[in-house]
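Those protein sequences? They're chains A and B, same order as listed.
When we follow this note's numbering, the leftmost residue of the first sequence carries the number 2, and every step to the right adds one.
When we follow this note's numbering, the leftmost residue of the second sequence carries the number 928, and every step to the right adds one.
Calculated directly from the structure, the hints in this document are not laboratory data.
All residues carry an ideal CB built from backbone N, CA and C; glycine is no exception.
Be a bit skeptical, because a hint or two may be false.
No farther apart than 27 Å at their CA atoms in a straight line, the calculated lysine-lysine pairs in the BS3-like style are these [stated by the list, open to error]: (1) A:K368 <-> B:K932; (2) B:K1134 <-> A:K368; (3) A:K395 <-> B:K1134; (4) B:K932 <-> A:K326; (5) A:K395 <-> B:K1133; (6) B:K1148 <-> A:K395; (7) B:K1058 <-> A:K115; (8) A:K379 <-> A:K368; (9) A:K379 <-> B:K932; (10) A:K140 <-> A:K114; (11) A:K307 <-> B:K1134; (12) A:K267 <-> A:K223; (13) A:K267 <-> B:K1133; (14) A:K385 <-> B:K1134; (15) B:K1134 <-> A:K330; (16) B:K1256 <-> A:K395; (17) A:K185 <-> A:K379; (18) B:K1160 <-> A:K368; (19) B:K1160 <-> A:K296; (20) A:K296 <-> B:K1256; (21) B:K1134 <-> A:K296; (22) A:K184 <-> A:K205; (23) A:K395 <-> B:K1058; (24) A:K326 <-> B:K1256; (25) A:K385 <-> B:K1256; (26) A:K330 <-> B:K1133; (27) A:K188 <-> A:K29; (28) A:K268 <-> A:K501; (29) B:K1148 <-> A:K379; (30) A:K363 <-> B:K1134.
A short list of chain B residues far from chain A (calculated; beta carbon distances all over 12 Å) [stated by the list, open to error]: (31) A949; (32) R964; (33) G976; (34) P1030; (35) E1090; (36) I1131; (37) I1137; (38) G1145; (39) P1194; (40) G1220.
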Amino acid sequence: MPNLQLKDIFKEFPGVIANDNISLTVEKGEIHALLGENGAGKTTLMNILYGIYTKDSGIIIWKDEEVSFKSPRDAIESGIGMVHQHFMLVPILSVAQNITLGIKDKGYPFNNKKKVIKDITELSKKYGLQVDPTQLISKLSVGTRQRVEILKSLYRNAELLILDEPTAVLTPQETNNFFEILKKLKKEGHSVIIITHRIPEVIKITDKVTILKDGKNVATVKTSETNENELSNYMIGRSLKTFSSREEVIESEDNGLVLEHVGLNKKLKTLTDISFQVKKGEIFGIAGVDGNGQKELAEVIAGIRKPDSGTILITGKNMNRTNFKTRKKAGLAYITDDRHHEGLVLDMNISENMILKDYDQKPFSKKGIINYNVVRAKTEQRIKDYDIRTPGIKTPIRLLSGGNQQKVIIARELAAGPSVVLACQPTRGLDIGATEFVRQILIDKRNEGLSILLISADLEEIVSICDRIAVIFEGRIIGIVKNGTDLDLNKIGLMMAGHKRETVGL
Amino acid sequence: MKYTKEIVSTLIIILITFLLAAILIIVAKYDPGIALRSFFYGIFGSLHGFAEIMVRATPLILAGLGVSVAFSTGFFNIGAEGQLYMGAIAITFVGVFLPPMPPMLHIAVAILAGFLLGGIWAVIPGFLKAKYGVSEIITTIMFNYIAINIVGILVRTVLKNTESALPYSPVMPKSLSFPLLLYPTRLHGGLILALACAVLIYIIMKKTTIGYELRVVGFNKRAGTCSGISVYKNIVLASLISGGLAGLAGVSEIAGVHHRLLEGISPGYGYIAIIVALMGRNHPVGVIISAIGLSALQVGANSMQRQAGIPTSITSVLMGVIVLLALGKNIMFSGILKKMRIK
């Protein structure tokens, strides 16, 4: 008898059908993957189950009873827990306080702190979720925060756990640790639904897979009876592309981008003594767990933040006291990780966004008057060149998909013929097609002889296209290694957790 | 259709406003039929009514344009009233203390002075916001009180007409008056100034790099910073243009209507200008339309009071309702619009 049954769930948002009659069953003690690209409807389906959205039609049966949760509170009380992609924790409160947040136990508001801590410790031992209940959330690593989120659900007696992209922010070691936790949960009879787009993980850990595409249920298969290729075919209609940028190595001693002893915020040690060179015709990757200074490093290079110390050279010119515009003129292109807040003006249309970085340059404007005929022509050209899917050039950029928005940014940034490309998390949140497109462009530009700095938390991405890899940890470069077929990912993972290169044996 | 939604929701607002007006009039025990007739007679009944609407719309267009430029840049200038008074002070100083000049030059100097003084009055809060993050909503409102009371001091001291006991400035020289456009009504050349400014603002905001920068900063400051656009510079610039235009409204009121500085020359034009900008969606054409619409409402209400004895305070109630409806229309009317299948 299945524990959870979703039958013909239908949900329409204005203009899109997010869930088109999706059915799904999860047994007790089963790890079930919900696989699909961004926008396939995975998260919508789970939000309906969890009571965040209401379904237009369909039936949810949970433990032999038809249910329709009106809010997450209802879902939690019935034994369903969800861990969101962006954790819902209060940083200034302790682990125990976060776990018990909103629970009105006996004696409320004077909770028995000792008992709570004892309970949490027992739980964490039982499932191998090591945390210190008295520690503040703000002091914890991302992996530990995830454990707190899972504990939070278990403390509320969750029998079914929904995990939204749980491995997106973890190092390889943390991911392995996380898989162990999943196995324990399974052994204790919990059901788990994992929302993901990473096929290897699905193969590795799950029992059953449901594949969604464009809001439709494409297939449900047993993991033991399928393979990566088949899943990829279900998901995107073809096999995954593999990149090998190292085919033609362009040896060059010229550096496009040089950082010498760059430091930012001595007190907080946001960045400390960062030095590296990016050669022409090279993709230089910065790997590391999110929040270790990557964003700040990108902003220091782009001229948005001023470093306290050190020197930045772009194509040989000292850029220390210059802003973004000067650096752009010197040949820098900046692909930001935050499309919506930094890369685009969502309330403007495509053509207006297309000139965001060079509206004051010829041919777009002369003597302060913008020539919209030129803007229109160039925009149409770039829409064609980059295959940007849009109803028209006057469409507000807000209405485009993430992949097409990113194409607009890339088209704009590469238009001026840069010699250095600074790409900060350029594929974050993109679907597989768009991700492959972005990676291919970076490789093409490298082969044209540009210097490319790729900052990414996605280790697979770094390894698949970079020539050299630097690992950043707490604002320091832990080590720089040459990429190659013999590179041990586990060792990079250890460096991402702060172990020195020499000690991991690279 | 691009504008169908706008037009339909505007019609709904007008309908609700009229219904509410009828209810208020009936509750106050007046005859809504007579009220309606006198309301429309005031607006359409005579050339005088038309001219009066335009006379009131002139400062509203100027100050409304100013507010809209500030709003487009994310600078919430609530201080158009004070900036208007500073413009009025500027033209009075030009008239009282500068030597006689040929009419065109004299007006030009007054316009420049009014723009600058009004602009400075907004640039101070603009600077405080851009540099230190001080809320411009608070500072611009406070600057209104300061400006209004500076007028009170000036008309009793430096600018006082020594031949009269009343707190007035002397009458401005003839060369500082706008020409009348439609004698014998009060319609004056300020309207042409206002319309010219609307065209100018349209060109600046939509066609130039200056306007592009202002709009980027208004929509998304962070994206501006990341593209090398100075948020600081653009907020200060927006406040200057904004206050300057409100200052021109003050110049226009002195040169076209009052011809001397006295207290209370503005019946809250600077505040109504905020409504004008909001309803006009910060677009120059929208500003002109909503300025004319709101002054028609007032002129009609005055006529109702004269002919049917209905208090004009009803219009203040209605204006508040209009603001609420205009701000919330997308949410409030989405159900109705959906039923009517208008996207």
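The hints, checked one at a time:
{"no.": "1", "hint": "A:K368 <-> B:K932", "result": "violated, 37 Å"}
{"no.": "2", "hint": "B:K1134 <-> A:K368", "result": "holds, 11 Å"}
{"no.": "3", "hint": "A:K395 <-> B:K1134", "result": "holds, 15 Å"}
{"no.": "4", "hint": "B:K932 <-> A:K326", "result": "violated, 40 Å"}
{"no.": "5", "hint": "A:K395 <-> B:K1133", "result": "holds, 14 Å"}
{"no.": "6", "hint": "B:K1148 <-> A:K395", "result": "holds, 22 Å"}
{"no.": "7", "hint": "B:K1058 <-> A:K115", "result": "violated, 49 Å"}
{"no.": "8", "hint": "A:K379 <-> A:K368", "result": "holds, 19 Å"}
{"no.": "9", "hint": "A:K379 <-> B:K932", "result": "violated, 31 Å"}
{"no.": "10", "hint": "A:K140 <-> A:K114", "result": "holds, 20 Å"}
{"no.": "11", "hint": "A:K307 <-> B:K1134", "result": "violated, 33 Å"}
{"no.": "12", "hint": "A:K267 <-> A:K223", "result": "violated, 53 Å"}
{"no.": "13", "hint": "A:K267 <-> B:K1133", "result": "violated, 44 Å"}
{"no.": "14", "hint": "A:K385 <-> B:K1134", "result": "holds, 25 Å"}
{"no.": "15", "hint": "B:K1134 <-> A:K330", "result": "holds, 24 Å"}
{"no.": "16", "hint": "B:K1256 <-> A:K395", "result": "holds, 24 Å"}
{"no.": "17", "hint": "A:K185 <-> A:K379", "result": "violated, 57 Å"}
{"no.": "18", "hint": "B:K1160 <-> A:K368", "result": "holds, 19 Å"}
{"no.": "19", "hint": "B:K1160 <-> A:K296", "result": "holds, 26 Å"}
{"no.": "20", "hint": "A:K296 <-> B:K1256", "result": "violated, 40 Å"}
{"no.": "21", "hint": "B:K1134 <-> A:K296", "result": "violated, 34 Å"}
{"no.": "22", "hint": "A:K184 <-> A:K205", "result": "holds, 11 Å"}
{"no.": "23", "hint": "A:K395 <-> B:K1058", "result": "violated, 35 Å"}
{"no.": "24", "hint": "A:K326 <-> B:K1256", "result": "violated, 40 Å"}
{"no.": "25", "hint": "A:K385 <-> B:K1256", "result": "violated, 38 Å"}
{"no.": "26", "hint": "A:K330 <-> B:K1133", "result": "holds, 26 Å"}
{"no.": "27", "hint": "A:K188 <-> A:K29", "result": "holds, 10 Å"}
{"no.": "28", "hint": "A:K268 <-> A:K501", "result": "holds, 23 Å"}
{"no.": "29", "hint": "B:K1148 <-> A:K379", "result": "holds, 25 Å"}
{"no.": "30", "hint": "A:K363 <-> B:K1134", "result": "holds, 15 Å"}
{"no.": "31", "hint": "A949", "result": "holds, 35 Å"}
{"no.": "32", "hint": "R964", "result": "holds, 44 Å"}
{"no.": "33", "hint": "G976", "result": "holds, 39 Å"}
{"no.": "34", "hint": "P1030", "result": "holds, 32 Å"}
{"no.": "35", "hint": "E1090", "result": "holds, 50 Å"}
{"no.": "36", "hint": "I1131", "result": "violated, 10 Å"}
{"no.": "37", "hint": "I1137", "result": "violated, 6 Å"}
{"no.": "38", "hint": "G1145", "result": "violated, 9 Å"}
{"no.": "39", "hint": "P1194", "result": "holds, 35 Å"}
{"no.": "40", "hint": "G1220", "result": "holds, 26 Å"}
Violated hints for the displayed structure, listed by number in ascending order: 1, 4, 7, 9, 11, 12, 13, 17, 20, 21, 23, 24, 25, 36, 37, 38.
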